[in-house]
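The sequence shown begins at 6 in the numbering used here and counts up one residue at a time.
Simulated from the structure, these hints should not be mistaken for lab results. As the structure is a computational prediction, the values presented were derived from the model and not from experiment. Ideal placement from N, C-alpha and C gives every residue a C-beta, glycine not left out. Keep in mind that a hint or two might mislead.
Okay, the calculated beta carbon distance ranges per label pair [as the list claims (entries may be wrong)]:
1. Met658 - Ser532: 53 to 63 Å
2. Lys841 - Pro547: 55 to 65 Å
3. Arg656 - Lys913: 26 to 36 Å
4. Ser920 - Pro847: 17 to 27 Å
5. Lys913 - Val756: 48 to 58 Å
6. Asn815 - Arg656: 45 to 55 Å
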Amino acid sequence: MHAASNAFPDPDSNQLLSVGSRNNSKVDLNAAPSSRGSLISDMNETITLVSHNISGSVSKRAFGAAWNTSSKGAINVASNGNPRSNLNMTITQASCLSLVPSSSDAVSLHSSTHRPNSTLSPPSCMTLILGSNETVSLDSSLIFSDTSTLTLSSQHECAEDSIHTVTLEENLGSWSELASVEVGQFPLESPTCDTANKDSTAFQSIPQGTFEEVASCLVKVPGQSEDGNKMDLVENVLSLQKHPDVLNMEEEKKTMMKKMMKQIQEEPLDSLSSSIRQQAMETLTQLSRSLPVLGMRERFELVNTCMKSVFSLPSVQAMQEKDKAKAEAIQILYRQTLDALQTLLNTLFVEDPTPAGLKSILEPLGPWMNSGKAHERARAVKSCVSVLNHVLLTLPFFMSSGFLALGLLLGRLILRIGDPDEEIGREALDGITILYTILELQKRARDKEETNKKELYESNKRFLGPYNPVSPCQNILRVIAEFGDFLGPQQVKDLLLAALEGLKGGSEALGKESGEMMQLASEVMLSSVLEWYCHRALEVIPEIMQGIYVHLSHIQEPRAREVALLPISLLASSFMTEVVVALLMCPLPLDSNGAEMWRQLILRKPSCDIRDLLDLLLTSLKEKPVTKKGRASIVPLAAASGLCELLSINRCMGRVRRIYPQLLLALLIQVHYHIGLNLPGHVASCNEAKKDAQPSSFVPVRWVVKVVKTLLLKMGCSYEATFLEDQGGWELMGQAENHHRGVSLLARAMVHYSCQELCRILYLLIPLLERGDEKHKITATAFFVELLQMEQVRRIPEEYSLGRMAEGLNHRDPIMKVLSIRGLVILAHRTEKTAKVQALLPSMVKGLKSVDGLLVVEAVHNLKTIFKGQDRKLTNSSVYVEMLQILLPHFSDSREDVRSSCINLYGKVVQKLRSPCTPETEEQLVNTLVPLLLTMQEGNAKVSQKCVKTLFRCSCFMAWELPKKAYSRKPWDSRQQTVTKICKYLVNTRRDSAFTFLSQSLEYAENSRASLRKSAVIFIGSLVPCMESIMTEDRLNEVKAALENLRHDPEASVCIYAAQAQDNILASCWRNSWPLPHGDTWVCDPATMHRWSPSCENLPTSHQRRSWIMKALGSWKMSLKQ
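Whenever a hint applies, use it, and build me the whole structure from the sequences.
Right, dumping it as structure tokens:
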């Protein structure tokens, strides 16, 4: 049987070899002109069938590859049970070979190859081994080795073996071939065969399923690659063939795909010199057909890797110019590589034909479709259209839950309609037509309408209009209008974000003219979408605002930024509240992008109403930054930031002045709320902060203080702002303990400089004093108190001025008490209110009990003005005594300024005392002696000076004759006799207060400051011996325990003087009150406690061991000298 052909085979023809018939037949192979490759004329084919029950028939089928005229094939059929004669066949042209058994022998083999034009030489062999004369079992394998031997084996557990061998003369060269195998309608599983050649590659056949055609990758393994390294691509696939039991395991599949992806990544991105990239993608295509299905993350990584490797290549023209000798080969190899990528993408869709699966394939195309390089955009658009076309041909494909990526996909294709490259524009419009057809088919399928896809596609192509290269914006408008039925809120949002993607490159990457074209396309797309579908965007406004914010950081060209900001003003003109609420969610502190978004509300037409906008911000400023559930809220801080940006627009100033008092007070209260409040998770990144010259650590309270300062400056209060700067008022305002002082300083400055808005603020504050929580009231009261200096206060009913201040004296918050005292003091300057305020003086002083020292100092300073204006003869001494009682506990305050101020104020109050001295006054001043004496020894010159003055004033009033050295500030360390004289004087003159002196000393001995503990120990060591006649055993034990503890004090000097105080007490004459077993073992050896040398000569005199008698004698001698 001979046949000849002079052209391409018809792609619809086929070649069949039927087994089971006695008849022999000859078949003519006529090539169809539509087939790829070139065939040499006068090709022939001979088939000889000797078997009595086998006949063969061959018909046309296209291989799509060039074959040598001498290519021949032989098929041998044999059966172990029933021997058959040989069947020989010579093939002169073959594009497809199928074995189709009749009746029970339901077996067919279909193989196709694709190869570039090249010279083919030495023969190769393809072997088909069929293990049954009836059916093929599920255990089948297809093996391609470097000797070009193809073996298909099939075994049936109940059938006799038969062998089919086909030999083809050809040389595979260095290309890869694509072969398809079809075995009836039976699913074939993983191959299970061995080969002697280690470079052989085994590929799986059809996975479980009823696919009609499955592609296998045929790879020739060369001895060495061009760079001299042995390729492992085929060996990787061979490992899968040798372990078919684990092929379907997820980890094995992932591992193999990672190896293929690594092979692709190692390929150079600046040239296309080998087919490794193509081969790897073809292998990935095969692997994608095996179970299990890839997850979304793995699929995205795979697609992204392959796209980057192919799309990043230079243009074909650039690669050809670089290597002109291989220009034709580069063209062919590039086309095959791109085809391999598109085949892989199509196969991945078949693997997961769902909307989510399609999204995972199309989503990585986005950046490439917006690339600044035309050839990259062209490749991406072509691949996108190819996938959509495959989706159209793959039925059924229903988007039951809606196609979430529809908006982005449609938006990216719409932008490409306006591409400077007309070919890309045409391709994009064709892709949109296909997409529209898919959506129409889906809609009609739900309505159960029968539709011809081809006719529907052609109709839609005419419906959407031909591509207009002169004015592509007309196509854009038409497409957006016609897709309205398929656009929901999410799709509208994605369309807008897709338009923003097209602005990222700018005119620099695309060229000035091309960049302007893309900006125009984006602007037309944004404006038309919002004009026609604005109402659908309402529920996704927050996502749109967030998307604009993110994209702005990648858009630098001024005109492009204007286009990107366009949706803000367009949406705000209809949905201002929703837009403002969305802008409040911008990351803080505001960078240049967030600030520009706020200003867009006013600067661009159509702008929203400024009055309504400011009212919205004021409402947000009245919210607490901490919700009821204790969670931090950025809304007030964001509103303050937005207000700060609006203040930079002059046209807003008139509207701002209208609500200036409300804004100022709301901001001051927010300052108080934000003290110590951290908002992590809403802070801009460090890079953004550096870019906009923001401090590295964002402190919310400082940001609100900045807004307060900006508001004052914009309202013309520059003198007030400067005054606060000089006085440190801005820092005080942001501190928890000093916030009320900062607010008071601001109000005082505004009164001093006669701010025009003070009257409005005053009347606004009156109702605010009773509203809100403690922080709200403190801030409002601090401002209100200073406004009491205004003349307009006379018009206010007394219940709102004097009455409110009197109520504040009983408030549980000490700050409110101090502020109320300040308010009453200011009111006392008015003649008509002086008497009423003086009547409240006892309540003012009484309210300062158990109040922080700093607040006490502040309040007493204010009270001094009332004392100055009073008639001294009418002054009730009990008020002074009570004030002295309040000041005394703060003598030992840890803050130097508090100690110094309280001691100084104490002395000034004593100066106001008048005879006769009441018992209460005398007791109070006596109780002051020890604290003043001990504090004088702390070593602070400023505090010591205040102590001397106050002690002198007390002595003058009480007519005390203290030893002169009691007023000396010299340390007591080497002046023990002076201390003893002072103690003797106190005990002798104030014997009834001796135990008070001792208690005060013991109390100071526990002070946190070592200087006070040391002076207290020295004082105790001299005081106790002077109290011999009145000392009780309980008090003595108390002193003993205190001194023993002080010998373990962390300060060495305290330990030393504690031991010396024990010596002084032991040297006294109370031997029976303090028995000592075995000598003076109660006196611990200082060397034990402080690691000193135990030798007596190395110790200070006070630490040397002495007997009881020596101590007593020493004490006696000391008393004689005095």
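Now for the hints, and whether the structure bears them out:
1. Met658 - Ser532: 53 to 63 Å: violated, 31 Å
2. Lys841 - Pro547: 55 to 65 Å: holds, 57 Å
3. Arg656 - Lys913: 26 to 36 Å: violated, 57 Å
4. Ser920 - Pro847: 17 to 27 Å: At 22 Å between Cβs, range holds.
5. Lys913 - Val756: 48 to 58 Å: violated, 28 Å
6. Asn815 - Arg656: 45 to 55 Å: holds, 49 Å
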